[in-house]
Structures are given as C-alpha cells and as structure tokens.
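Chemist: Sequences are here, hints too, so could you generate the full structure?
My numbering numbers the first residue of the sequence shown as 7 and each following residue consecutively.
Since the hints were derived computationally from the structure, they do not count as laboratory data. Each residue gets a CB set at the ideal place from its N, CA and C atoms; glycine is no exception. Warning: the hint list may mix true and false statements.
As the list claims (entries may be wrong) - Listed below are the simulated DMTMM-like cross-link pairs for lysine to aspartate or glutamate, each with C-alpha atoms no more than 20 Å apart in a straight line:
no., residue 1, residue 2
1, Lys73, Glu95
2, Lys73, Glu123
3, Lys33, Asp51
4, Lys73, Glu104
5, Lys73, Glu63
6, Lys73, Glu61
7, Lys33, Glu9
Claimed, not checked - If you anchor each label on the Cβ, the simulated ranges turn out as follows:
no., residue 1, residue 2, range
8, Glu108, Phe16, 45 to 53 Å
9, Gln126, Glu65, 35 to 43 Å
10, Glu104, Ile77, 22 to 30 Å
11, Arg111, Arg44, 16 to 24 Å
12, Ala35, Arg131, 43 to 51 Å
13, Arg47, Gln126, 43 to 51 Å
14, Arg26, Ile77, 52 to 60 Å
15, Arg62, Gln126, 23 to 31 Å
16, Gln120, Glu27, 26 to 34 Å
17, Arg13, Asn67, 47 to 55 Å
18, Ser122, Arg62, 22 to 30 Å
19, Ser85, Asp51, 41 to 49 Å
20, Ser85, Arg13, 56 to 64 Å
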Amino acid sequence: LSESLARMRFSRVVTRTDVREAVRLMKVATQAAATDPRTGRIDMDMITTGRSTLERELEENLGASLKELLIERRGNRMSVSEIRRTMEELLNTQIQQEDLTEVLRMFEADGLVQYSERSQTVFVRAGVVG
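Modeler: Spelled out as structure tokens, the structure:
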C-alpha cells in the first residue's frame, strides 16, 4: 500500500509519510469493516463471520419463533407471505424476505419443511418437534 502511494506521486522511493498514510488507511478500512451499519458500533463478528452479532441474534430469534409456529402447523402447507405476516405480528418487527428465506432453507436442509421457492409455499413435515 505504501509503495502504491509512492507510485501515485510518481516516485520510486517510499517515504515515512507513505508508510504512515498506508497504516492510517488500513486502520480506517478495518474499522469500517468492523462497524455494524445498524448500530454504528464496532462489532468484531463483522470481520470474523461477515455478520454482526445483532444480525446473528435476530436470525436465531426468528428461527426459534418460526420453529414454534411450524410445530403448531405440522402437516399443513403455508404461503411464505402468510408465514412472514404471522412472524412479524409475533415478533412485532419487520422481517426481511431474505432473512426468512435463509431460515426456511436451513429448515429444509434439516428436513423440517419442504420449501418451494417457485410457488413460495412451505409444507411443514409432520415430524417437526420442539
């Protein structure tokens, strides 16, 4: 990075100023990568997992609540929009379609549901247990 800064000045010699600026840029980039856009706070989970602690906790909460709903509806088919609406009422918060889809795909991989992305429906398998 410091060499690139020197080249931008058309110089073949890296100066202390180039090194200091490179270090400063690295610190700023690291801080920006670790800052949770929702809270504005530094969250090291952003660097290690690519997701903030808040996002991870929200997904875990959505997953646990959705599993409770599915236990009540086992053996039935539900539309994704119906699930989303019900979950928003239960959790009293807006749920992003992508977040719900991610949890449904996880549940499908675990064999809890059969998720049809094309028809936007979910069949809750009879064997879903808490």
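Chemist: Taking 41 to 49 Å as the hint, is the beta-carbon distance of Ser85 and Asp51 inside that range?
Modeler: Given a distance of about 33 Å, which is not inside 41 to 49 Å, the answer is violated.
Chemist: Note whether the CB distance of Ser122 and Arg62 lies within 22 to 30 Å or breaks it.
Modeler: holds, 27 Å
Chemist: Should the hint that Gln120 and Glu27 are 26 to 34 Å apart at their CB atoms be regarded as holding?
Modeler: violated, 55 Å
Chemist: Mind checking the alpha carbons of Lys33 and Asp51 for me, to see if they're no more than 20 Å apart?
Modeler: The given pair, whose Cα atoms are some 17 Å apart, holds under the 20 Å limit.
Chemist: Just to be sure I understand the hint, the distance between the Cβ atoms of Arg111 and Arg44 should be within 16 to 24 Å; is that true here?
Modeler: holds, 23 Å
Chemist: Do the Cβ positions of Glu104 and Ile77 conform to the proposed distance bound of 22 to 30 Å?
Modeler: Taking Cβ atoms as reference, Glu104 and Ile77 lie about 24 Å apart, which means the hint holds.
Chemist: For Glu108 and Phe16, compare the CB-CB distance with the range 45 to 53 Å and indicate the outcome.
Modeler: holds, 49 Å
Chemist: Does the hinted range 52 to 60 Å hold for Arg26 and Ile77 at CB?
Modeler: holds, 59 Å
Chemist: Holds or violated: Lys73 with Glu61, Cα cutoff 20 Å?
Modeler: holds, 18 Å
Chemist: For the range 43 to 51 Å, tell me whether the beta carbons of Arg47 and Gln126 fit it or not.
Modeler: Given range 43 to 51 Å: violated, Cβ gap about 35 Å.
Chemist: Could one say that the CB atoms of Ala35 and Arg131 fall in the range 43 to 51 Å?
Modeler: Because 46 Å falls inside the window, the suggested range holds.
Chemist: Decide if the proposed pair is consistent with the structure: Lys73 and Glu123, CA atoms, cutoff 20 Å inclusive.
Modeler: This hinted pair holds, its Cα atoms lying about 19 Å apart.
When held up to the earlier numbered hints, the structure conflicts with 9, 13, 16, 19 and fits the remainder.
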